[in-house]
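Enquirer: What the sequence shown shows, in my numbering, is residues 305 to 666, in sequence order.
I should point out that these hints are in silico values taken from the structure, not numbers from a laboratory.
Everything numeric in this text was worked out from a predicted model, so none of it was measured.
Warning: the hint list may mix true and false statements.
Pair by pair, the computed Cβ-Cβ distance ranges are [stated by the list, open to error]: (1) 571 x 341: 29 to 35 Å; (2) 446 x 546: 37 to 43 Å; (3) 622 x 316: 31 to 37 Å; (4) 352 x 448: 43 to 49 Å; (5) 418 x 392: 38 to 44 Å; (6) 558 x 489: 15 to 21 Å; (7) 558 x 392: 31 to 37 Å.
The beta carbon of each residue, even a glycine, is placed where N, CA and C say it ideally should be.
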Amino acid sequence: MQNKGSLTIYTIAHFFVDAVCFFMLFGAVRNSIGDSQVFIYGLLVYNAVAFGMQPLIGMLCDKLHALSISTWGCFLLAMGALLGGVPWLSICLCGLGNAAFHVGGGIDSLVYADGKLARSGIFVASGALGVATGTLAASGGWLHGSPMEASLPVLLMGICGLVCVFFLRDIPAEEYSVKRFGATDAARSDSFVILICAAAVVVRSFAGANVQTQWGDAEWLVLIPAACACAGKVLGGILSDRFGASFVAAVSLLLSVPFIALLSAYPVCCAIGLVLFNMAMPITLCAIAERLPSRPGLAFGITTLGLLIGAVPMFLFVLPETARTIAVALLTLGAAVGLRFALGAVKLPFAKAGRGSSALPQ
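Between the sequences and the hints, there should be enough to build the whole structure, so can you do that?
Expert: Written out as structure tokens, the structure reads:
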């Protein structure tokens, strides 16, 4: 049950957790705060708690395996939803609940991956759709003025928490380790791989936040980038298991550059670029976890901390259009090159067994 059933539960629950968080943020919390500039600071606080706390929670889970951390995350988020009229407390509870749930799901996706990258990509992917759906539901006023506006988030989190209680179990100590994914070259040192992969997450986060997707005024268009991010993360894991992580990471990021930097004004081109751009996500996560096999919680937290660091600048300043284009292109190229050296040889997808499999010299 835990190996297959838990992936389904965590992936579906992940969608609802992120949807509820952003429904609360752009609904009750924003309405309670009122001032738009103060609300921006509220979003920064939420991100700091939701992403910045994950390394600490992850380390705690690595030390004390039986924490039922995802269950606690759902119930903390339910409390945050109940307190939407107390904005700053709601922000902190929602962020903490989100962090706790993500760590639990992330650990499960790594421990029970059986050496396959696809599982982590699938788990993480549903969050993008949840964020977009929750934001759209709140901004579009789907439940505005309805009794469901206050009760639905609490109900959803209560259900998710109860599902976690009844259908998920803590990971036994003897199972609490990550099998090798084959995502990194054994000749590379642990510290080098972790540092470069974490840096790649940071620059991808910053670059992703600066991709221009202003295709129109229709609110539902926010779902397109989210769907592309979701598809990219799923495909990244699946294709890496088939063709090799190093090959997929390098090629997908390189191919994404013209689409997200030069052709982002065209929806179809930008959508293709976003799919390619997000394919590296499960690769960086599993590469770090491979080098921290007994600490999957910390490994997952390192990647979310990287996302936070890369996203913080967007709260502080806005780059001019030309500078954004250049930054997206250069940072994406830099991430591709960095991952190529961190992961090792770029495996050719159709290389014969026993023949050279490196497309680039070592």
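Enquirer: All hints, please: hold or fail.
Expert: Verification of the hints:
1. 571 x 341: 29 to 35 Å: holds, 31 Å
2. 446 x 546: 37 to 43 Å: holds, 39 Å
3. 622 x 316: 31 to 37 Å: At 36 Å between Cβs, range holds.
4. 352 x 448: 43 to 49 Å: Given about 28 Å between the Cβ atoms, the range is violated.
5. 418 x 392: 38 to 44 Å: holds, 42 Å
6. 558 x 489: 15 to 21 Å: Once the Cβ atoms are compared, 19 Å apart, the range 15 to 21 Å for residue 489 and residue 558 holds.
7. 558 x 392: 31 to 37 Å: Since the Cβ atoms of residue 558 and residue 392 sit about 43 Å apart, the hinted range of 31 to 37 Å is violated.
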